[in-house]
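Visitor: Working from the sequences, and respecting the hints, build out all of it.
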Amino acid sequence: MHGTMAPTAAEAELPAETPVRHHSYLSVVFLRFIRQPIPMAAAVILLVIALAAIGADVIAPHDPYQTRVARRLAQIGTADRWLGGDELGRDVLSRLIYGGRISLTMAIVPVAIGLFVGGFLGILAGYAGGRVNMAIMRGMDVFYAFPSILLAVAIAGALGPGLENGIIALALVFIPPIARMAESVTTQVREYEFVIAARLSGASTFRILREHILANVAGPILVFASSQVSVSIIAASGLSFLGLGVAPPQADWGLMLSALRQAIYSNPWVAALPGAMIFICSMCFNLVSDGIRRSMEVRR
Amino acid sequence: MSLEFGREAPLPAIADRGGPAQKLLTANGLRKWFRLSGGLVGTRSVVRAVDDLSLSVAKGETVGIVGESGCGKSTAARLMAGITPSDAGEIVFDGETFWAPGMKITAERRRAIQMVFQDSASSLNPRMTITETLAFGPRAHGVPTSEARAYARDLLAAVGLPPARFAERYPIQLSGGQRQRVNIARAIAMRPRLLVLDEPVSALDKSVEAQVLNLLVRMRDELGLSYIFISHDLNVVRYISDRVVVMYLGQVVEEAAADDLFSAPRHPYTRALFASKPSFDPRNRIKVAPLLGDPPDPVNPPSGCRFRTRCPIAETLCAAKMPILADVPDAPEGHRAACWAQVPGSGHSRAPRVSGALQ
Amino acid sequence: MKHGKGETLLDISDLNVAYRGMSGWIPVVRGIDLKVERGRSLVLLGESGSGKSVTLRAIAGLLQEEGARVTGAVKVAGEDVTTMPLERLLDLRGKRVGFIFQEPMTAFDPVFRIGDQIAETVVRHRGVSWKEGLARARELFDLVQIPSAERRLRAYPNELSGGLRQRAMIAMAMSCEPELLLADEPTTALDATVQIQVLLLLRAIQKERGTAMVFVTHDLGVAGEIADEVAVMYAGRIVENGPAEEVLLEPRHPYTQALTNCVVRGSYRDLALGELGGAPPDLSRLPPGCSFAPRCAARTETCAETDPPIRAVEPDHRVACLRAGAPAMA
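Respectively, the protein sequence lines represent chains A, D and P. Residues in the first sequence are numbered from 1 upward in steps of one, following this note's numbering. Residues in the second sequence are numbered from 1001 upward in steps of one, following this note's numbering. Residues in the third sequence are numbered from 2001 upward in steps of one, following this note's numbering.
No lab work stands behind these hints, which were simulated from the structure alone. The beta-carbon is built from N, C-alpha and C at its ideal position, and this holds for glycine as well. The reader is advised that the hints may include incorrect statements.
Chain D stretches covered by chain P per the calculated footprint, using a threshold of three residues with CB under 8 Å from any CB of chain P [stated by the list, open to error]: (1) 1206-1219; (2) 1222-1235; (3) 1268-1282.
Guide: Here it is in structure tokens:
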């Protein structure tokens, strides 16, 4: 052969390559996440709070509904009220632990709904383009025009109080931004050559979405959604605070914050505790979401 | 025709219909204009990326397309592959309408024309192993997964990537040349008859470029393929093409058989383009730039001949009327140029005289 | 190359650069020596991974900021760049050394007008008034042949086309009359008709201003057009170094020979192209002996054992090959 200089082609290549063993993408992301100390610490805190909430029946020292006049606004460190008593003398610690159930549920479930519904709509709009895209995205824009808290309050107010209505109201708040994010990422990925090649192979739209698009957009969408959880918990607490979430005597941090408002002068520490819980959880969700984002940022 | 390499391919070959004299691909009047959003109220710029493109490819022929930024060759590639819908015109494949405005291309017909892209980070799905990538297309056509995977491995072997070492790799574990081989394998997995290649070797090191070109030539000969080969590299185009088309600002300005075009270009742009090729010989350097200025923006191109603003022999006639692609006198068959200086009796001072007419 | 006539402007001796990898330090430049005289242009020729860009950055003094481990000396006009304090380095970069990158947008701030940016550089380094700075910017635009200079000075970077931006970057680089111009693939992203204009411009600048140049490229054609001398790099080493005519037309090292062989020539139609099989070695796992040996058709057993030192085969022509001196392969 004219001018061949060495053993042909790809065969001789290859001291130049990385070893063939390749961890799956998910395990790589997971390992990277674990190596970040602050997000890991935040994740652990959230896990503890969540486990405590789930195992509340076992862990909580007292009945959260048990009122006791003698323990009204008890100080922190009281014998049978370790974190103090609320305005009706109930054990604040137990109520915080039980409260985690509702508060965490209202933080996560609406975002999860937003992820699936918003993600679906956004990917659909992003891939289809044209009129379908316009219809969906302009629809989203209507909701997007309102500040999220106000929107949540308006919807919850219209639907009425209660846990389910609160979740629905918040879900409707989170669907548009997640949809918008999904649409943006999908529009980008759609132009990648491997997607064009997939279209050239004659595969159906559904197959392309499932096998090529989804895996490549899920990451950024997930990161974005996880960053919304910290917003959700505050919005959820806000709803409860305004009386639009669960009703008393349920243990819920927002509700507790509202009820303990008057105690701010007589027992500020106890009054602040539910707020502290909300704050801690929101911060931790934020840090975890940041950690996820960083561990998904590929590039050597 | 079965794949020479390995067992019978699970996808059937696409049968020849029209016979050897029938053109494999005929594209007529393809056009793509992009509207730019924004701009002042009332004005909206239009990018005339491709204007009235007509091209044909014979069976077994390789047509090269050259041009610089803004000439529209990449858009033209996508129009001809049917992946970007044209604003007008039609595409006829082996005597049958492949695409016309409003028409949807069926999955089966889709196989006949495939594309190979420039190597880039996005040419292969980073989340799939290359076997999965190669198996995707056949599976979409009903081939069972295990057969598709076996087929994928055969394809890898055929393009010079031993499956034992490469099958389970991810794109990030491949070098540029290796990725391009996978791109080629993906295209021929569908058993196409025409391959549109958009700068397939431009991003590769020179030593790898030769490897990939040799592979493309081998594929073409073994599988009886036709190519449309787009590149900015004149050497590569000359090497691989039978016929070459030169584009400028969305239009074809010259076309001819490869050797003919490179030895005797007629259009002033083609001449300038060829003369701009850097010399490998330090003793023979270019002394004066053949063309000044930059390739202009395809937004609002000049009136008449689009090249006239940079053309060394432009005259008033050139601004008034757009030249048509026409046969060049005293040149081999099939050599056409869009230049008034080449049309007898056009009125251009350099145009040849119409034979027999009084001056 | 004039023997000993010109003054040495750039003197690299035994430069080694290593970057931190996942399992230790990876050597990307391994012991290179180079000299460039005033007013001469040197092309660093090589493919990806050869170390040419890193060498250029070493000359620019950019490696300190990147966390690389650098040994050896890089002397620009007698001062060692690798040990220079940052302030002195910044001073040097404006006054003596200019840069041109592959992507012109990286040189300019997109929110300021180009004329202002150039004027600012001049004012900062020369201490002249703003008016003089602008006048100088106008001069420079004329130097680099940007038409309608007045109008273009007031333009923002993204308003210029690729070729004009590249010229503007050259203007910026030349603003303080540097003695040395460093260019990293400045024409790779340009069309052929624009590329030749820029190359001719650089040649003119070299001739008229006596500016020395170090030019990094993988393109043999570009090297042919612009180089007085060529240094071919492979796997972090210089494998051949000499006058452009000799290296490009009569290469002595098998790698250079392969590169020039591999050039696709249109006239080769219907022939299989010369291939260079394999790929450059993994720098973290270099084979013993000559790093090109695994791909070399002319290798012998000794090649895999001994790393060939670079030595002169002609007065100004050095080659790192045990078989140097052998005529080119047929």
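Visitor: Does each hint hold? Answer for all of them.
Guide: A quick look at each hint next to the structure:
1. 1206-1219: holds (count 9)
2. 1222-1235: holds (count 4)
3. 1268-1282: Since 9 is at least three, the answer is holds.
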